[in-house]
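Protein sequence lines correspond, in order, to chains A and B. First residue of the first sequence? That's 55 in the working numbering, and the numbers climb one at a time after it. First residue of the second sequence? That's 106 in the working numbering, and the numbers climb one at a time after it.
These are computed hints drawn from the structure, not numbers from a lab. None of these values were measured; they are calculated from a predicted model. Please note that the accuracy of each hint is not assured.
Across the chosen pairs, the derived CB separations fall in these ranges [to be verified]:
(1) B:Gln115 x A:Trp156: 56 to 62 Å
(2) B:Arg128 x A:Gly73: 23 to 29 Å
(3) A:Thr148 x B:Leu215: 52 to 58 Å
(4) A:Ile151 x B:Lys272: 43 to 49 Å
(5) A:Asp103 x B:Gly205: 43 to 49 Å
(6) A:Thr148 x B:Gly205: 40 to 46 Å
(7) B:Asp161 x A:Thr148: 29 to 35 Å
(8) B:Gln115 x A:Ile137: 32 to 38 Å
C-beta: ideal position from N, C-alpha, C; glycine also.
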Amino acid sequence: MASNHTTEEQRPVRHKVEGPKKHIVAFIFSILLTLIAFAAVAGGEINTDFIYIILIGCAILQVFVQMAFWMHMKDRGHTFAIIGILFGVFVVFTCVIMAEYWAWW
Amino acid sequence: MSAHSHTEGQLPHEPEKATLEGRNKILGFWLFLGAETVLFGTLFSAFLALRDQVLDGPKSQELFELPLVALATGLLLTSSLTSVFATQALHLQKVKAMIGWLVITVILGLGFLGLEIYEFTNYVHEGHGFTTSAFSSSFYTLVGFHGAHVAFGIVWISLLIGQLLKKGLTVTTAPKAYVAGIYWHFIDVVWVFIFTVVYLMGKVG
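Put together the whole structure using the sequences plus the hints.
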């Protein structure tokens, strides 16, 4: 125990803890993307296909921001997390394409 | 106690990843979230295929009220921010601040759930019941599943607050709190797709 104690004291490692700044930036970014999406629909009078593109674009961008910063996916050691989620997304796209194809063509 | 290189009463840096059990818990939770993605994805694909099949029931354009959805989105988005603050307090090992942020997260989650219950009862009064049409069934299944996840998260985080009050921050409680934070963000991420695909695209037509 005692030897352990001294080795620990010999290298006083101060870990840096991240501040709240980048999370507030991610929050503001999310709010802005949400506002754009709601405004595009509430504003109306734009081409429907164009609104769809704006909506999908905002959603994907916002999810990317939230996963990277809030779910810590950009941090190291998240390879399996990314593989797990990507596999889920792969199944999701298969299902969506299948359902749309089955329903409309 | 094991001969660990940290002094007694002092938690290691990132206590949620300090033990093998904690690291396994986080990895397992990510695989669970992958499965959750599949669950919500299939519900989304069913909704997308059936959302125009309204029979005699109300259409999505007549039904949805954007201000209510915007308010619910604001609540859930803010609760995601407060839960990331809780995780930061965990890394700074400030238990009191952490519990405070978790309490705020739970309160915001309850507000969201209250709005959703109010919204659903309104819809039922407007003739949009679960069995009205394929649109209504797939709508309630998808949005209701998300609401159930929020309710589960509220119960989970509330119990976690109790455990943190009792046991404080240890290498056992830290992974639980970290994983609950990730769960709450995931719920928020699913909501981003719900308000986009269900409400906004439903309003456009």
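Cross-check of the supplied hints:
no. : hint                            : in the structure
1   : B:Gln115 x A:Trp156: 56 to 62 Å : holds, 59 Å
2   : B:Arg128 x A:Gly73: 23 to 29 Å  : holds, 25 Å
3   : A:Thr148 x B:Leu215: 52 to 58 Å : violated, 36 Å
4   : A:Ile151 x B:Lys272: 43 to 49 Å : holds, 48 Å
5   : A:Asp103 x B:Gly205: 43 to 49 Å : holds, 46 Å
6   : A:Thr148 x B:Gly205: 40 to 46 Å : holds, 43 Å
7   : B:Asp161 x A:Thr148: 29 to 35 Å : holds, 33 Å
8   : B:Gln115 x A:Ile137: 32 to 38 Å : holds, 34 Å
Hint violations for this structure: number 3 only, all remaining hints satisfied.
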